[in-house]
Amino acid sequence: MLLDLQDVSKSYPTGEGVLQVLRGVSLSLDAGESLALTGESGSGKSTLLHLAGGLDRPDSGAILFEGRDIAGLDDKELAAFRRVRVGLVFQQFNLIPSLDVAANLAFQARLGGRFDAAWMARLTARLGLERLLDRYPEQLSGGQQQRVAIGRALAGRPQLIFADEPTGNLDEATGDAVLELMMSLLPETGAALLMVTHSMRLASRLGRRLHLAAGKLG
Amino acid sequence: MLGQGFAVLLSHWRRHKLQFAMLVLGLALATALWSAVQAINGEARASYARAAAVVGQDRLEQLATPDGARLPQSTYIALRTAGWLVSPVLEGEKRFGGERLRILGVDPVTLPADAAQVNVGAADIGLQRFITPPGVFIMSRETAERLKGIDTPPIRISDALPPGTVLTDIGIAQQVLDAPGQLSRLLLAPKQPAEVRPLAQVAPGLVRRAPAVESDLSRLTDSFHLNLTAFGFLAFAVGLFIVHSAIGLAFEQRRPVIRTLRAVGMPLRALILLMIVELLVLSTVAGLIGVALGYGVASLLLPDVAASLRGLYGAEVPGTLSIRPSVWGLGLAIAVTGTLVSAAARLWRIASMPLLAPARPRAWSLASERALRLQAVGGFVLLVAAWLIAQFGAGLVAGFAALGAMLLGAALILPLALSLLLKLGERLSQGVIAQWFWADTRQQLPGLSLALMALLLALAANAGVGTMVQSFRLTFVGWLDQRLPSELYVTTRSNDESQKVHDWLASRSDAVLPIWNTEVRMFGQPVQVYGIADHATYRQHWPMLEAAPDAWDSIASGQGVLANEQLARRQKLTLGDMIPLDGGHSLPLVGIFSDYGNPKGQVIVGVGLLVKLYPDASRLRYAVRIAHDKAPKLAEDLRGTFGLPDENVVNQATIKAFSLKIFERTFAVTAALNVLTLGVAAIAIFASLLTLSGMRLSQLAPAWAMGLTLKRLAWLEILRSVALASFTMLAAVPVGLGLAWMLLAVINVEAFGWRLPMHVFPMDWLRLFLLAVASAILAALLPALWLARRAPADLVKVFANER
Ligand SMILES: Nc1ncnc2c1ncn2[C@@H]1O[C@H](COP(=O)(O)OP(=O)(O)O)[C@@H](O)[C@H]1O
Ligand SMILES: [Mg+2]
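As you go down the protein sequences, you meet chains A and B in turn. Reading the first sequence from the start, the letters are residues 1 to 218 in my numbering. Reading the second sequence from the start, the letters are residues 1 to 803 in my numbering.
The following block holds chain A by itself, in its conformation from the complex:
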């Protein structure tokens, strides 16, 4: 098993007291598997994804990656985990605005020491970004930006891809096309995908579906 969340809980302190978002969530993900996570807005999908991606730590429970609990890692180790093992795709794309497309694509792979020029060239071609390489994010359309974000996530061939409503900011046709691209590229990397969406239509295209409600998986 690649990733194994065991009884994970997470709360946020807010102005009106503690907000319990996740109440003992368990799920597992195998290499190459794809899993859709659905749920109401505010149900904690993003929170779960952030915990699994090593962006934040759970209050309790274990997050085992290849059998090792990442919840116990320090900041430096956690950063190394994200750098090498994880690819992230966000709804707002969150590209680095000061870098051009080429630099954005290569950023994480080079950061993790996993840059592979041939793979990068192939990825760029598959994503249709060859002619946009010297543009800056603000000069791109939403669909183009999301393609760059996908390329960035896949460039280092991480074992885990986390996508948080990757098509949420795109119109339906563009969203479908982008998702199609991502799904077709995944097998080439062998990565597992955990994707948050509230579209049942999109969720149905993934291997497995889980629904989050009241802080628990159903």
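Hints in this document: simulated from the structure, not taken from any laboratory. Nothing here was measured: the structure is a model prediction, and the numbers come from that model. Don't be surprised by glycine CBs; every beta carbon is placed ideally from N, CA and C.
Covered stretches of chain B (chain A as the covering partner; in silico rule of three or more C-beta atoms under 8 angstroms from a C-beta of chain A):
| # | stretch |
| --- | --- |
| 1 | 439-452 |
| 2 | 781-795 |
Incomplete in silico selection of chain A near chain B, CB under 7 angstroms:
| # | residue |
| --- | --- |
| 3 | Asp56 |
| 4 | Phe90 |
| 5 | Ile96 |
Got chain A sorted already, so can you dock chain B with the ligands onto it with the hints?
Quick look at chain B with the ligands alone, frame taken from chain A:
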């Protein structure tokens, strides 16, 4: 509705307290430095006016002996008897405790109305008490403070007197100064009776002296004060950068609120009006704080200013400040004007903002790149203008205009220059983090450019002024050696004593060189005329800038004249020009010498010619050449034999030390203003970083998510600030050199009349560089610390889907 709108607008500040604090602080600091300079200048000017007016010296003709020695009271009585309307004055110095006071004795009965600033008949003094022992000492409040606990006649306060001066009855003065029956001079009433015996008959030993021209002191010190004003203005300009960026950010952030207010029906005109009122209130409050702060700064600086004014010009300026409405008015006016000017463009943009424009964040790279280019073109035009003004302009105002244009031009070019440098850094760097570092630094440029421009101004001013001061010091020290080659300088008290001292010294030293002098009006200005003997001392040492080959022979034979640099520059004199001396004599100019620190023009002739042309010249001073180790003994013997006070026999080292001290204190003020300006610039950077740190999180979060730790990011933030400050310092070097050149070759020539060679001191630049780096680190430290301490929950919010 207006009230509600106002509340909504103001609520912005409640949520951005730091921004508010920065705005007020920036404005207050800017106003403070400006007001400090104004307060100092105001104090000095008022003091000159008081000094000029004491016993009517500025308005009344006077009778005195040619050599300035005292005259017997019998001469006064003879003149009164002959019908002359004269009034006696006795002036002298006397120590009370540790305080040396200038005692002015006057006769209240005969004193012309023009000369009486103090009404001694007033109730609190009383004529009777004034003239009967122990008499009354009238002085300024400050002088009275200094005399606390010291035994003096009863004291009365008058603000009309300059510090250190005591007005008292002539009889009392004669007692205090131990000069019974003696007078210093006689004041001539403006209207004299028609039928009086000619002066030459009644008092043949006296000469008429014209009233001291009113503006001499203030004219001489004008350039000094202009320099201060220029610095105050520079500091204000640097402070305005903070205000500008704080206002800019606040308005940018309030766009959505303003749009909402308009959408719910608030008229645009009312909104703009509200914002103007808001700015007026803000700037008034900040301005008031600023002026109050300014008084604090001024009171710290004033003692140094007073000391240098005393040393340079003999001008007495009180060490304490009085509150001047004009300073408050001007300070507030400049704070309000500065704020409105800073905000004008923003208000205009809001006025022309379409109601339904999408609230999209501004695209940075393309738009700002173009803006940077445009700005740089403007800067280049200013640089060209500065060069043209420096080349073809004349006068101090033109000098400062050129200086201002150069500084502003350089500041405007800075962002583009930095952008190009950062682009180069990005190209040249290999690692992914390095590349991102440079690219990201370039992205910060628009937000930081104002603060960096302020830093550039502050650094350039520091470097430029530092170079000027150091060049001046080096030149000055060398010049002092040339100018003061003699071992002892003696000042005798009368022509009679002068002769005796000369004879006594002649057999005991290697040479006794007269330094006789008088002051005349030449070319419509006061000019000192010195007579010197023909001696190797001068031929070897005199700091000649330019001289005819036989200059010293011409001087010795009374065929030529030397002039100091300031006179030569002021009158555009070149070698060979004829100099008009008294008695219809004109002699060619045979040499020009440097004469730093002397505000007046000076000419030098052979001593024989001086005595011939100016029989009234004071013949009291001598320079004495003697083996170095014998000088102290000779000085002691001289004092003992003639009862000369210590200060009348000084050795070379003492004068040099004294001159250097004046020099140091003169520039202490400049140095202080410099450091303060740099501090303001550092605060500007801090303010900008602080305001940027809000938006920074969304730019840094992706890099963090991709696997950089917060600690690393925080270090990079500090490094970024250091890199920008370092590059700015690089840019400040040529600007500082340009500034130094302008100060040395243009401003000083216009202001003081001398030109100095430029020397460069690399160690000073290095120190400034370290200072810049240190302020960059300090400015970035707090935002970086905050970043490092951020919780992951704050960062993941950036990726939250809800918007
Ligand atoms: N960093 C945070 N700090 C405080 N509350 C948060 C934070 N992130 C999310 N929340 C809250 O936790 C709940 C779950 O959020 P999220 O995981 O983003 O839900 P979803 O992605 O399913 O819409 C929401 O109520 C949200 O407001
Ligand atoms: Mg979400």
